[in-house]
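Asks: Single-letter residue listing:
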Amino acid sequence: MAEFLQFLFSGLTVGAVYALVALGFTLIYNASGIINFAQGEFVMLGGMTTVFLALVGVPLPLAAVVAVLAAVAVGLLLHRFAIEPARGADTVSLIMITIGASIFLRGAAQVVFDKRFHSLPHLFGTDPLRIGGAAILPQSLVVLAGATVIVVLLWIFIDRTLFGKAVIATAANRLAARLVGINTGHMIGFSFAISAAIGALAGILVTPITLTSYDVGTLLALKGFAAAMLGGMGYALGAVVGGLLLGLLEAFSAGYLSSKYKDVVAFLVILAVFFVMPQGLLGRAKVERV
Amino acid sequence: MERTTHGVAPLLEIENLISGYGRIEALHGVSMNIKPGEIVSLVGANGAGKTTLLRAISGVQSVSAGTIRFEGQAIDRLPAHARVPLGIAQVPEGRQLFAPLTATDNLMLGAWWRRADDLSAELARVHELFPMLRPLSRSTAGMLSGGQQQMLAIGRALMSKPRLLLLDEPSLGLAPILVDQILDAIVRLKSEGVTVLLIEQNARAALAIADRAYVLETGRITASGTASEIASDERVQRAYLGI
Ligand SMILES: Nc1ncnc2c1ncn2[C@@H]1O[C@H](COP(=O)(O)OP(=O)(O)O)[C@@H](O)[C@H]1O
Ligand SMILES: [Mg+2]
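Quick note, the sequences are listed as chains V and Z, same order. All residue numbers for the first sequence refer to my numbering, where the first residue is 1 and numbers rise by one. All residue numbers for the second sequence refer to my numbering, where the first residue is 1 and numbers rise by one.
The hints are simulated quantities; they were obtained by calculation from the structure and are not laboratory data. Check before you lean on any hint, since a few could be wrong.
Ranges between beta-carbon positions, derived for each pair [stated by the list, open to error]:
1) ALA121(Z) / LEU69(V): 36 to 42 Å
2) GLU25(Z) / ASP90(V): 19 to 25 Å
3) GLY132(V) / ALA116(Z): 49 to 55 Å
4) ARG23(Z) / VAL149(V): 25 to 31 Å
5) ALA74(Z) / ASP90(V): 27 to 33 Å
6) GLU217(Z) / MET96(V): 40 to 46 Å
Partial chain V-side listing against chain Z, Cβ under 7 Å, derived [said to hold, decoys possible]:
7) LEU162
8) ASN173
9) ARG174
10) LEU175
11) LEU179
12) VAL180
C-beta: ideal position from N, C-alpha, C; glycine also.
Input sequences plus hints: build the corresponding full structure.
Replies: Rendered as structure tokens:
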């Protein structure tokens, strides 16, 4: 039982991060049809920028805010100078562009930062909490709470504001969105900005537990993509469910089988979704694409 | 150039418009004009290029040559979202509602460029024109019936306060009684000063309410005149009116 709880919590913690990355994929995919493989780099930028600002003496909260803003700026630049000029290109070309951008960002991070692993202080220390015999890091709860707040705020914004509805409208019917006068280019740029912010926040929250380095984005993008596929690409709720599920699958297979299999799970999930249920878990059931 | 037929400057003026899809040309130099307050009907068979022309006017279709002027101003270089505030709104073929959103959300988004304004008067005007929509404000657009969807699509376009309303086959697939309601609404809009460009499969009905008409055949205008002239043209009667 203690073991089970242990795996459950570590699975949920990592899963929350996958869910946020998957949500980033979803937002951009819905606004533009693009699968942004540079999504993991936003997570890296959030963690690394905070680490390096903290190293030069910037107070942690300020460092975190600047890191999020920096990621947003990178997201907007990526849209403006790599995606927008290629407007009208086919999907494969656009995916290649985002993969190129992720390689570029990783290279730049290597130069601007370094190639070592870094951590951030835990928000509430490292004394584990004992829950049912399992030892839970307080930071795990911070990650879960942070992810919950992000998801809820995003949902309120999308569901309750006219701007949020314009985001849904653009995703649901781009032609109609243009015909009513929505600048769909702005909406796509906005989706890059929000996705970058969400990714950066995830990176900042989880760095104390998982550490960060210039190249953490690669695997995270893959995991986030797997999670988004699992939930049904284009479905916000699916992204969250898919992320948590993937985190749990990883934690339990690593715990009960072997940690060797941890990263294999994501690949298996991608393959399984492709061959068995291309729509993902929620793809068919849900009408609303958020 | 028919710049000032009867001395009135056209609201919309199209000259030698060429447009297509990739290498396929769909419009081979179309010229037409619409004067303020008119209902102009565009008649033509399936695939003639009617939808392409409307898309070009709204700016969601690229144009390789020719000009489009609205109130004398060339608009062909303006992006679609910059044309709505000028007063051009389109009810596209197949309605193209925002299916996951409610009817009211669809209407509010129709007024996107005026989102800072108080839109209650506009909303009331749409509900008055289509009382059928009133009880449906919280219904999901994708769940509405065909007639309700068409009225919602027209209402959404009206929310932007257009001077020129472009309608692409608004009665397609609707029961006759709904077709009549929609045609009545168009006539009423005209009386309120809205200028209309109407594409209709049902050419007879369209010509009955139109002031003037153009016939479009495989990307070319082949006839134009008052609605009654076009309705009594033998070729038109044979091809489009089934006489
Ligand atoms: N998306 C498209 N891609 C390629 N060709 C198209 C497309 N849409 C329309 N066409 C072609 O352009 C021509 C005009 O089509 P359209 O404007 O839709 O005609 P209409 O509205 O009069 O039925 C047709 O030959 C049609 O096959
Ligand atoms: Mg058509």
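Asks: Would you mind marking each hint as holding or not holding in the structure?
Replies: Hint-by-hint comparison with the structure:
| no. | hint | verdict |
| --- | --- | --- |
| 1 | ALA121(Z) / LEU69(V): 36 to 42 Å | 40 Å, holds |
| 2 | GLU25(Z) / ASP90(V): 19 to 25 Å | 22 Å, holds |
| 3 | GLY132(V) / ALA116(Z): 49 to 55 Å | 54 Å, holds |
| 4 | ARG23(Z) / VAL149(V): 25 to 31 Å | 52 Å, violated |
| 5 | ALA74(Z) / ASP90(V): 27 to 33 Å | 32 Å, holds |
| 6 | GLU217(Z) / MET96(V): 40 to 46 Å | 43 Å, holds |
| 7 | LEU162 | 6 Å, holds |
| 8 | ASN173 | 5 Å, holds |
| 9 | ARG174 | 9 Å, violated |
| 10 | LEU175 | 6 Å, holds |
| 11 | LEU179 | 5 Å, holds |
| 12 | VAL180 | 5 Å, holds |
In terms of the numbered hints stated before, the structure departs from hints 4 and 9, listed from lowest to highest.
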